[in-house]
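Using the sequences and the accompanying hints, generate a full structural model.
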Amino acid sequence: MINSEQLQMTFVRARNYLESNKEIVNSLNVFPVPDGDTGTNMSLTMKSAIKNLENSKINTCADVTKAISDGALMGARGNSGVILSQILRGFYLGSKESVTLDVETIKDCFVNAYKVAYKSVIKPTEGTILTVIREMGEFAEANYTNYDDQIEFCREILKEGFRSLEKTPEILPILKEAEVVDAGGRGLMYLLEGALGDEIVEIKNNYEFNKPARIEHLAAQQDEDIKFGYCTEFMVTSDSEEYEILRDKLASIGDSLIVVKGDNIIKVHVHTNHPGQAIEWALEFGPLHDLKIDNMRRQHNHLHHTDKEVAEAKHSEEVKEHKKYGFISISTGEGIDEIFKSMGVDEIITGGQTMNPSTEDILNAVEKINADDIFVSQIIVI
Numbered sequence: 069m070i071n072s073e074q075l076q077m078t079f080v081r082a083r084n085y086l087e088s089n090k091e092i093v094n095s096l097n098v099f100p101v102p103d104g105d106t107g108t109n110m111s112l113t114m115k116s117a118i119k120n121l122e123n124s125k126i127n128t129c130a131d132v133t134k135a136i137s138d139g140a141l142m143g144a145r146g147n148s149g150v151i152l153s154q155i156l157r158g159f160y161l162g163s164k165e166s167v168t169l170d171v172e173t174i175k176d177c178f179v180n181a182y183k184v185a186y187k188s189v190i191k192p193t194e195g196t197i198l199t200v201i202r203e204m205g206e207f208a209e210a211n212y213t214n215y216d217d218q219i220e221f222c223r224e225i226l227k228e229g230f231r232s233l234e235k236t237p238e239i240l241p242i243l244k245e246a247e248v249v250d251a252g253g254r255g256l257m258y259l260l261e262g263a264l265g266d267e268i269v270e271i272k273n274n275y276e277f278n279k280p281a282r283i284e285h286l287a288a289q290q291d292e293d294i295k296f297g298y299c300t301e302f303m304v305t306s307d308s309e310e311y312e313i314l315r316d317k318l319a320s321i322g323d324s325l326i327v328v329k330g331d332n333i334i335k336v337h338v339h340t341n342h343p344g345q346a347i348e349w350a351l352e353f354g355p356l357h358d359l360k361i362d363n364m365r366r367q368h369n370h371l372h373h374t375d376k377e378v379a380e381a382k383h384s385e386e387v388k389e390h391k392k393y394g395f396i397s398i399s400t401g402e403g404i405d406e407i408f409k410s411m412g413v414d415e416i417i418t419g420g421q422t423m424n425p426s427t428e429d430i431l432n433a434v435e436k437i438n439a440d441d442i443f444v445s446q447i448i449v450i
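Numbering (the numbering used here), first residue to last: 69 to 450.
Errors might be hidden in some of the hints.
Mimicking DSS-like on lysine-lysine, the simulated pairs with C-alpha atoms at most 30 Å apart in a straight line are [what the hints assert, rightly or not]:
| no. | residue 1 | residue 2 |
| --- | --- | --- |
| 1 | LYS295 | LYS317 |
| 2 | LYS391 | LYS360 |
| 3 | LYS191 | LYS244 |
| 4 | LYS329 | LYS391 |
| 5 | LYS183 | LYS125 |
| 6 | LYS360 | LYS295 |
| 7 | LYS436 | LYS360 |
| 8 | LYS235 | LYS317 |
| 9 | LYS183 | LYS244 |
| 10 | LYS187 | LYS391 |
| 11 | LYS119 | LYS183 |
| 12 | LYS360 | LYS409 |
Hints are computed from structural coordinates only; laboratory data are not their basis.
Below, the structure written as structure tokens:
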């Protein structure tokens, strides 16, 4: 049996592992909008979930999943974050009567997870995180009677998840075009890998998922290809059970729509060209908070240029001219940096107040200089 203390640590490991790999998830992000934030949004959602867990009184596994579910919904960011919050709500619904977790309860968690997640999305798209959680849930439901050990059962569920993730490019053409697996699905698998910890090493090595050729793919994407330009998110304080009315209205002005009900709140995520109208309709249900509106066309444009600049910088580093002497200086701040730059210093390391950078910082700077002899200087200004 998995007890509440073990389950708490499981969620903490999951959050930490996703946080460590969120940039990889960001690099896979091409659907529904190539704005490079799926990993960040999922990580922030989990951060909110863990914060709520840490502030909650815990006695049972149900207490753990309830705290995680509530925290994730309150802090859900982006399309992927809201879907993740609903997967976590499914975990809670599958375990809400449980003091500990056995194989059957784990099965119930995964089955509820995919059902709640699908229900939350107005137009579910296959080849995404939804497909991955559904196929894991279906595997769990069909095979749980074959297992007595919870960890072994979870390992087999995760194997099914990786098989599902590997197929996402064959289901969703935009993924195949970009030569990537689904970002949300990859983020979910990072969470579950982290949850199992060392138990997953054998599985992980059997599946390799390449990062996308992001620059080439984003270059082909134009701002006008983004049909609805504003990612609009907010919470409505409301105990109304008629939130479907709001959902139906919002469906008429956007896509990527998710409207979910929690305890006295309605969480809304929509891509639209009319965020003001979305807000006006929501105000009919109650006061708003945690309002966020992002211009996705600007995000996409910034991401494309950033990736291009990184590639150009990398190319520049590769062709640096060889010279006899190179110079590295340890600096106290931006003002001194400018002086060093004017003197022709090759690399500048910020030393901070202690003027004591790490050995790794110095070695990294050395590796960037193509010279026979490299001098490291430290000037202290009094």
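Hints, verified against the model:
1. For the suggested pair LYS295 and LYS317, the alpha carbons sit about 18 Å apart, so the restraint of at most 30 Å is met.
2. In summary, the hint linking LYS391 to LYS360 is not supported, as the alpha carbons are separated by about 51 Å, beyond the 30 Å threshold.
3. Among the hinted pairs, LYS191 with LYS244 is consistent with the structure: their alpha-carbon atoms are about 21 Å apart, no more than 30 Å.
4. For a cut-off of 30 Å, the pair hint linking LYS329 to LYS391 is broken: about 64 Å separates their Cα positions.
5. Between the alpha carbons of LYS183 and LYS125 the distance comes to roughly 28 Å, so the proposed pair stays at or under 30 Å and holds.
6. Distance check on the hinted pair: LYS360 and LYS295 sit about 19 Å apart at the alpha-carbon level, within 30 Å; holds.
7. For the given pair, LYS436 sits about 40 Å from LYS360 by alpha-carbon distance, which is inconsistent with the 30 Å threshold.
8. At roughly 34 Å between alpha-carbon atoms, LYS235 and LYS317 are farther apart than 30 Å, so this suggested pair is violated.
9. At most 30 Å may separate the alpha-carbon atoms for a hinted pair to count; LYS183 and LYS244 meet this at roughly 26 Å.
10. Annotation: proposed proximity of LYS187 to LYS391 is violated, straight-line Cα distance about 63 Å (limit 30 Å).
11. Annotation: proposed proximity of LYS119 to LYS183 holds, straight-line Cα distance about 26 Å (limit 30 Å).
12. Restraint check: the Cα-Cα separation between LYS360 and LYS409 comes to about 40 Å, which exceeds 30 Å; the hinted pair is violated.
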